[in-house]
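In case you want the letters, here they are:
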Amino acid sequence: MAKRPVKAPRRARPKLSPPRIGSVRELRQFQRVMAEALFRPLTAGDGLQPTWSDGRTTRSVVEEFVKPNDRLTAMERVEIYARSYWFRVLDCLYDDYPGVHSIIGVKCFMKLTTAFLAECPSESFTLRNLGSRLPQFITDNPAFTAPRTALAVDMAWFEWAQVVAFDGMALPPITEDEILDAGPALKVALQPYLGIMQCSYPVDEFALALKKRDSALRGESSNAVSALKGKRAGARPRLPRREAICVAVHRQQNMLFFKRLEPEVYAILTALRAGRTLSAACVAALRNANPAIDWAARVREWFQAWQSLGWLCRRPARGRS
Amino acid sequence: MPANPFNNHTEYGIGIGLRVPHYRHILEKKPVVDWFEIISENFMVDGGRPLEILDKILEQYRVVQHGVSMYFGSADKPDREHLKRLKTLTRRTQTPWLSDHLCWGSVDGRYTHDLLPMPYTFAVARHTAAKIREVRDFLEIPICVENVSSYTEFHQSEMTEWEFLSEVVEKADCGILLDVNNIYVSSKNHSFDPYDYVTGVPHHRVGQVHIAGHTKYKKYILDTHDHPVLDPVWKLYERAIRLCGHTATLLEWDDRIPTFDEVHNEALKATKFLGETSGKSAAARAPEAVAA
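Residue numbers (the working numbering), protein chains in the order written: chain F, 1 to 321; chain L, 1 to 292.
In short, the hints are calculated from the structure, not lab data. Honestly, I wouldn't trust all of these hints.
If you anchor each label on the Cβ, the simulated ranges turn out as follows [what the hints assert, rightly or not]: (1) ALA44/F <-> ASP254/L: 26 to 32 Å; (2) GLY275/L <-> PRO172/F: 19 to 25 Å; (3) LYS188/L <-> GLN49/F: 24 to 30 Å; (4) LEU16/F <-> LYS30/L: 31 to 37 Å; (5) ASP137/L <-> ARG242/F: 55 to 61 Å; (6) ILE179/F <-> ILE39/L: 25 to 31 Å.
Cβ coordinates follow ideal geometry from the N, Cα and C atoms, glycine included.
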């Protein structure tokens, strides 16, 4: 799973909204001020923070560009938008990261995601990408998830991999003829939607336990309320104990699946994703493997399995620069 | 003359928004629906289930694309990657026209994912119209811009919202997606007469109409799309259709979504008003429409 720095570039904070808007420059200045009002986290009472970033009152900043009416002050009118913004983006992350909020609890998750969004507001036209930088943010800011940071990091990468596997790109799978023609020097790529991960915790089992609990809740919610009394269908599954695993997140017929991988398989797939030929990937992955095992036979089996799952594709041609 | 250049000379009737809770019903029961409106961004992906569903819908139904993130009113230039993805999708859906909102929502590449109101100035209208033209030229299909519901007004504004909308669409030479529920919501929040708005826009440019439900709070009305259409909005719709003629109409229902049949039946209530005005539109009598 590719990781990249999560810090958003620092931008100059806008100071004033222009008194008139007669150019694109002035429009941009106005929009920076309004966006700043929305992007600043809400108070505990879901209102705008009383103090602006330069020390003035937020009320005085907002009143420079927003009209009050006979029912609402300028602040109250902007607060409608600020609440809408924060509820929307926090809801989105809550939906995309059910495992992480089950691990650290809803209260800590809200603190984590509020800090994340304040640092890394959306840079994509689609909410689908809103949480793409959350796994790295959790890694970089362990205090929000302590003492369960290692588990939260694993789960966050695992859940982002599910977003990618759901609607990521699928290239035409490589054919048997192409494989036979190329031989060991074959250069293949992995499907862009396929996630392969090495984790310190069995996050796949925890995720499945959460899904089972949620579907049980949905099933029971359709029965008589009295039938729920005394049951613990809503209890969170027990947190997993530390256990090194390798796992793939993929899709088949557009449904998501998780598949445990042997460490050697993970090593080969990682090498293929890095651009090595099949033979080079196998040599690198099996350098210290047990010589008593017939690895050639195992690789053939694995390769057939990957092919039947459609994980392998032709490496996309690079465009000329 | 219900068709005009802004809806690509089509004669669509009453549609509803394509929403996830209805997928199974639509694909299994194949109900008779004139057309579906899709949210473009939900399908601007590289693969997987969203596109599989869309392709199945396209085998059976006409689809029109409606966007929520083009932000014609943002100071930023249109994002090229966004435009390329959108164009790819328009080729897939063969949408006869494309709509998005007259609003802003991003600045310096940071997105609010909201439909924010604009300061209604002549300079902003010029900038917005130029962006609409640029997007239309890239996509090569007609564009209709939708008026949004709003909760704030700005000191810098130089005209009413409907004057601003008219200024933009005339300068861009584009169509209007007239959302009568949004007009009603904003009229209550900003104390203007919604009939002045409906009367004041260029009717011959209206290519599509939206209707929806809203929620009343103590001090303002929120555009929630989680109710049936309320009576004052139906009355406003009736006036709009009298002025614009038989126009493609779509019911939006985005939250607390009931059964497919309930949504569809609510949308079909518009038949009563469309039937009364067929072929008698003010738009049809407008000289511009004749010229077009």
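How the hints compare with the structure:
For the hinted restraint 26 to 32 Å between ALA44/F and ASP254/L, the CB-CB distance of approximately 29 Å keeps it satisfied. Our hint of 19 to 25 Å for GLY275/L and PRO172/F is violated, since their Cβ atoms are close to 50 Å apart. As the Cβ distance of LYS188/L to GLN49/F is approximately 29 Å, the hint placing it in 24 to 30 Å holds. At roughly 57 Å, the beta-carbon separation of LEU16/F and LYS30/L lies outside the given 31 to 37 Å, and the hint is violated.
Checked against the hint of 55 to 61 Å, the pair ASP137/L and ARG242/F passes, with Cβ atoms roughly 57 Å apart. Separated by about 41 Å at the C-beta atoms, ILE179/F and ILE39/L break the suggested range of 25 to 31 Å.
In this structure, the earlier hints numbered 2, 4 and 6 are contradicted, and the remaining ones agree with it.
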